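Residue-level listing of the chains:
Protein chains: 4
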Amino acid sequence: MSETLFTLGAGPVDLYPEVRAAFTRPVLSDGDPGFLSFYERVNDKLTRALECSTPAVILQSEAILGLEAAAASLIARGDVVLNLASGIYGKGFGYWAARYAKEVVEIEVPYDTAIDPAAVEAMLKKHPEIAVVSVVHHETPTGTLNPVREIGAVARRHGALLIVDAVSSFAGMDIHPEDSNADIFVAGTAKCLGGAPGLTLLAVSDRAWAKIEANKDAPFASILSIKDWRHAHRADRGFPFTPLMADMNALDAALDRYAAEGPENVWRRHASTAAACRRGAAAMGLDLWPRSEAIASPTVTALKAPDGIDAEAVVAEVLRRHGVMLSAGSGELAKKILRIGHMGPTAHPIHAVLALAALGATLGAMGAKVDIGAGVEAALAAA
Amino acid sequence: MSETLFTLGAGPVDLYPEVRAAFTRPVLSDGDPGFLSFYERVNDKLTRALECSTPAVILQSEAILGLEAAAASLIARGDVVLNLASGIYGKGFGYWAARYAKEVVEIEVPYDTAIDPAAVEAMLKKHPEIAVVSVVHHETPTGTLNPVREIGAVARRHGALLIVDAVSSFAGMDIHPEDSNADIFVAGTAKCLGGAPGLTLLAVSDRAWAKIEANKDAPFASILSIKDWRHAHRADRGFPFTPLMADMNALDAALDRYAAEGPENVWRRHASTAAACRRGAAAMGLDLWPRSEAIASPTVTALKAPDGIDAEAVVAEVLRRHGVMLSAGSGELAKKILRIGHMGPTAHPIHAVLALAALGATLGAMGAKVDIGAGVEAALAAA
Amino acid sequence: MSETLFTLGAGPVDLYPEVRAAFTRPVLSDGDPGFLSFYERVNDKLTRALECSTPAVILQSEAILGLEAAAASLIARGDVVLNLASGIYGKGFGYWAARYAKEVVEIEVPYDTAIDPAAVEAMLKKHPEIAVVSVVHHETPTGTLNPVREIGAVARRHGALLIVDAVSSFAGMDIHPEDSNADIFVAGTAKCLGGAPGLTLLAVSDRAWAKIEANKDAPFASILSIKDWRHAHRADRGFPFTPLMADMNALDAALDRYAAEGPENVWRRHASTAAACRRGAAAMGLDLWPRSEAIASPTVTALKAPDGIDAEAVVAEVLRRHGVMLSAGSGELAKKILRIGHMGPTAHPIHAVLALAALGATLGAMGAKVDIGAGVEAALAAA
Amino acid sequence: MSETLFTLGAGPVDLYPEVRAAFTRPVLSDGDPGFLSFYERVNDKLTRALECSTPAVILQSEAILGLEAAAASLIARGDVVLNLASGIYGKGFGYWAARYAKEVVEIEVPYDTAIDPAAVEAMLKKHPEIAVVSVVHHETPTGTLNPVREIGAVARRHGALLIVDAVSSFAGMDIHPEDSNADIFVAGTAKCLGGAPGLTLLAVSDRAWAKIEANKDAPFASILSIKDWRHAHRADRGFPFTPLMADMNALDAALDRYAAEGPENVWRRHASTAAACRRGAAAMGLDLWPRSEAIASPTVTALKAPDGIDAEAVVAEVLRRHGVMLSAGSGELAKKILRIGHMGPTAHPIHAVLALAALGATLGAMGAKVDIGAGVEAALAAA
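Protein chains in written order, with the working numbering: chain C, 23 to 405; chain D, 23 to 405; chain V, 23 to 405; chain A, 23 to 405.
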């Protein structure tokens with residue numbers, strides 16, 4: 023018996039009931055024509071959810087595989103890459119880029135701010151040789167959004183290919199590969215889609231495919247290969263290796279749920295939950311981590327831990343006292359940031375109320391000056 | 023609605039009911055102390071199932087990841103590797119070995135036979151510089167077993183490290199890492215354990231760890247890294263990236279089931295099912311693919327397709343007529359081999375009867391000379 | 023761990039995967055408007071499946087409740103009831119009828135035959151005072167069908183109300199309340215619908231409602247009441263008591279599955295499975311229990327146990343040897359009849375093959391003269 | 023997609039994850055020896071949970087069946103029954119008692135108070151002919167407890183048999199059949215055990231068995247029969263009719279969970295949740311319905327709806343605004359009472375916080391004078 027009653031952190035989140043039910047479906051074998059056509063149908067659903075004109079690609083592990091594979095496949099040995107770092111994930115991607123590129127140039131901004139598209143433009147003008155730009159749409163560790171549509175437009179204008187990490191934003195807000203001119207767009211199953219970690223969902227543009235196919239160093243016969251899976255969704259092809267059947271069943275249900283509820287409705291839920299969370303946190307006396315609300319994510323609200331209070335200790339104590347699992351920060355910011363997730367099944371304002379109540383009471387008990395009642399009231403009023 | 027009523031091929035197999043039930047458990051987040059200690063407990067159960075003295079390692083995708091990671095981590099740039107190829111999988115591993123090694127020498131034998139340990143000994147004497155030996159215990163595509171215990175003893179005597187692919191034999195018969203002197207032993211979840219594909223299970227010897235840690239080219243910060251996960255099972259450590267929670271729930275149940283039934287009982291079930299299958303096939307008039315019963319696997323029975331009959335067409339027809347999903351061969355042997363799996367939940371003699379009945383009727387309808395009744399009777403008698 | 027691998031008896035059968043998945047859905051409370059409207063939708067689906075012009079009624083326990091409630095509600099103290107007994111269930115219903123009626127007259131025929139509609143006509147002419155006729159459509163214990171359409175036409179002509187027990191035939195063949203002029207038609211969830219026992223499904227004609235409402239002794243404020251539930255399916259009404267939510271979730275999925283596959287397709291599957299079973303049994307040397315194939319049910323095949331062999335011992339032995347659960351007979355026929363069910367998820371010819379193979383092998387081992395191979399071949403050929 | 027995110031009313035509650043998982047187990051047939059022994063094991067677990075010296079009895083529908091069956095079986099035609107009515111359920115039981123008894127005498131008290139054992143004693147002295155006393159332990163509609171231990175002692179002293187309705191208190195607090203001298207003790211599966219409605223759980227004393235067996239009018243061959251099921255749990259007996267297998271699987275898991283967590287721990291959780299709820303409600307400005315905290319149930323907190331506000335409208339609005347399903351009152355009190363359940367999976371203080379936050383915000387929006395913040399803070403502080 024777990025002590026955890028509510029998982030309300032920055033992901034993974036618990037499953038939608040529909041996804042959970044799908045995990046009980048029979049597992050077929052990878053050679054079964056029924057499975058082959060099922061896989062193709064799921065891939066089609068995904069392509070529609072991504073609002074994509076080329077077939078989506080599913081890789082067979084957690085979303086981080088999609089990111090590593092994108093770097094390994096798209097970046098050629100002679101490439102100059104512009105990596106945009108407004109947080110820990112963006113910074114980290116730069117290290118992968120550096121493995122494959124000739125050179126990585128970087129725009130790094132403080133982790134409570136966002137990348138300025140004008141700075142990207144300036145850099146691309148200065149370095150017209152830049153072949154690939156990489157950006158994280160939603161910096162999960164700090165709850166900040168980058169303006170990927172604007173960045174994408176700039177990159178496209180300059181002829182650079184764009185890699186977008188949308189793992190924790192896709193399906194929680196209005197962001198898609200072609201809107202943002204992404205050439206590789208990486209999403210996951212365990213965040214706003216309300217599924218389990220197990221698969222990573224990619225959109226690859228025709229331009230990216232051309233580059234990957236031409237890239238002699240692009241992985242093949244490897245878990246890291248994107249191109250091995252380019253046509254794997256077709257019912258008349260086999261798979262490079264055994265796909266994760268149970269996870270495919272779950273993905274199917276997550277995509278059905280997303281379509282049935284209606285993407286706009288889902289995004290609205292995420293947005294209103296985050297808004298209620300921010301209102302409540304402010305009334306409680308807590309400061310938002312992002313420097314402005316304009317860049318605060320609708321899928322994760324990052325708050326500054328009150329002075330002198332260790333965020334990791336707070337998270338442990340909220341769980342112990344109330345059975346509510348939140349998230350602290352990551353890396354060097356681990357002790358400074360408190361995070362409440364709003365993703366898929368937990369993206370309802372009442373979840374924000376619940377999270378704030380548990381957080382407020384714990385902070386109060388740990389000596390922080392918080393007005394719990396005011397915070398909960400404000401969140402409820404915004405709900 | 024799938025047409026498939028029974029999945030009786032060479033894997034994946036359908037789930038044990040206990041595993042299916044486990045997939046409905048809540049998904050916790052990767053920072054949850056409840057999940058951290060759960061992961062450690064599952065890893066301990068796995069270590070016990072592997073009869074291992076060092077903690078097992080779980081990697082986060084299908085078993086093929088374990089094999090690629092083993093090659094990438096253990097084989098250093100200056101190594102000479104001896105690859106043993108008695109089938110398609112062994113042959114394939116050689117290509118991975120060649121990516122990382124200075125040189126790969128190979129012993130290849132016809133795919134209906136097994137590797138002779140004496141030949142390995144001879145090769146190791148001839149090439150004392152061989153640092154790593156790689157072998158597939160059970161060649162799933164052809165249903166043949168290699169004598170890994172004997173090969174392991176030889177390798178150890180010569181100071182070479184041994185990589186064993188036991189993906190489709192572990193948990194279906196008495197084979198373990200230390201019995202066979204394996205330095206990296208790779209197993210999966212979706213074969214004899216009766217789970218879903220999603221994780222790969224590794225045993226790594228102290229000698230292998232020493233080599234991996236010393237190998238500058240061993241992957242790190244990568245899905246392909248073994249060493250990133252060396253201590254990840256410890257509840258006081260975090261994970262390199264989000265583990266596949268739902269798949270961990272399933273693995274937990276599969277390991278519990280294996281322990282509760284008793285490994286010896288499980289192996290006995292597999293052996294008696296394969297024996298009944300071989301008896302029945304022989305009585306039906308079908309020939310075993312392996313040249314001798316002594317090397318026939320207890321987890322997959324591979325049969326020769328009757329002359330002039332295409333195994334792939336047979337498999338499609340058995341499914342269409344009877345709702346039973348078997349397997350054809352792989353690669354160049356695709357049309358020549360018919361395979362019946364005996365793995366986990368399908369390793370009961372009555373499953374072999376069922377498979378043979380459906381296969382026999384279909385072969386008969388396709389013009390083969392088979393004695394269906396005699397075959398079914400013989401399988402039943404052996405049950 | 024159960025020893026039972028396949029449940030192939032006369033019911034309950036194991037669940038369709040869709041039903042199993044539905045059992046994992048959240049359970050709402052009985053006052054929840056979401057549950058109220060869900061219940062109404064399920065009732066509508068049921069009404070359609072029953073091809074009924076009045077709303078169906080769901081009672082909250084196994085199908086036997088529907089039968090007892092029908093007797094208690096429809097039969098008034100002054101009624102003369104004609105009970106038709108062609109088997110154990112029909113005979114049993116007479117005892118219930120006798121509790122509520124002034125008098126019960128009975129036509130009883132040998133349990134391997136069916137009721138002759140002409141005999142019913144003669145009886146109704148002789149006893150024009152007969153108000154209610156009761157008949158079992160499918161005598162599950164003996165696998166025989168009564169001609170309820172013809173009997174219903176006779177009853178209607180004579181102005182008698184008809185109670186039909188269609189528990190083990192509805193959804194396995196083309197039988198419906200209005201086809202058969204049934205005034206109360208009782209079905210279940212755990213037979214051909216492939217659900218779990220838990221609910222009983224009733225169609226009640228307007229004539230029956232009129233009589234029930236007029237019957238002062240009809241149960242109310244009781245688990246046995248039909249009329250308490252007459253309008254309970256309406257989303258604007260409450261329930262007499264808490265309905266079985268989880269079982270309603272399961273029923274919803276069973277009805278969806280039935281509609282999606284198409285009733286005619288489902289019936290065809292049942293018919294072809296029973297036909298294959300009869301062909302196989304005959305070739306094996308076993309005799310059908312029903313005197314003619316014309317009255318043999320498509321949902322249960324009842325066979326005579328070979329001379330000198332105890333059917334109950336056979337069933338136990340088939341389970342022990344092969345993990346296949348069949349059914350023996352009931353009551354005084356327990357030791358004389360062997361039954362193979364063809365219901366919902368087990369209504370595929372290959373299931374009949376499987377059942378016959380296990381049965382034949384066991385009978386052979388117990389000394390019966392059976393030609394197992396011929397039987398299996400014949401069943402396969404008919405598949 | 024239901025709008026209901028949290029079911030926090032007076033039951034049924036949503037399932038424990040363990041129960042949900044158990045619903046995916048295979049369904050065996052009622053003649054399967056594996057099912058027969060499983061049923062016996064579950065009955066043994068239930069007997070232990072009831073702390074009973076005679077084997078428990080399981081009847082095959084919702085708890086209301088247990089109550090009706092108790093009245094029908096235990097009360098003989100010549101009996102005088104003392105019915106104790108401190109609420110709607112107690113009052114209702116009197117009508118059942120009246121169906122079977124010669125005479126029913128009643129002690130009725132206002133529905134915000136409890137029965138005084140001294141009054142019971144006085145009545146039994148005055149009417150020494152009273153054979154049966156009936157009492158509801160927890161009046162779910164009003165959240166009040168009766169002192170059944172004291173009442174039981176009095177009844178025993180006077181030689182009367184006692185029927186206790188403990189449907190919504192058993193497993194949520196320290197109450198058992200023999201503690202309270204109950205002769206028939208009726209519990210359910212869908213309240214504090216955290217299962218689904220489907221079965222009713224009875225403890226029957228030797229004295230009650232003697233009376234039932236002697237009672238010629240006690241139901242038999244009926245869904246209402248207790249005695250049909252007296253020995254049905256024994257693996258060497260058959261069942262009177264098909265038990266609800268899927269619900270038995272669920273009950274098994276609910277009982278395992280109860281034992282694993284430890285009954286005392288479970289009761290403590292319920293008590294502390296109710297205490298937090300009462301503290302919070304009081305600070306919010308809401309009045310408890312029970313006249314004193316001493317008789318307030320740990321499993322349901324009943325509050326007075328503020329003056330001029332319709333409780334049913336509040337419940338609908340809380341659901342619409344926040345996705346939280348609470349309960350209004352029942353019958354004539356439907357509009358006057360607001361109820362928050364604390365049962366099984368929802369018996370954690372944080373659930374009370376959640377319920378109060380949603381309730382308070384809605385009441386505020388509907389014009390009630392409530393201090394939401396203070397209420398939530400007080401509940402959190404008591405957590």
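Incorrect hints may have been included.
Note that the list lumps identical chains together, so a pair holds whenever it fits in one copy or between two copies.
Taking lysine to aspartate or glutamate pairs in the EDC-like style, the calculated list, with each CA pair at most 20 Å apart, reads [said to hold, decoys possible]:
#1 Lys358 with Glu143
#2 Lys357 with Asp258
#3 Lys391 with Asp278
#4 Lys249 with Glu235
#5 Lys326 with Glu62
#6 Lys391 with Asp258
#7 Lys326 with Asp393
#8 Lys249 with Asp239
#9 Lys113 with Glu25
#10 Lys113 with Glu125
#11 Lys124 with Asp239
Derived from the structure by calculation, the hints contain no laboratory data.
These figures come from a predicted structure and were not determined experimentally.
### Query
Out of the numbered hints, which ones does the structure contradict?
The structure breaks hints 1, 3, 5, 6 and 9; every other hint is satisfied.
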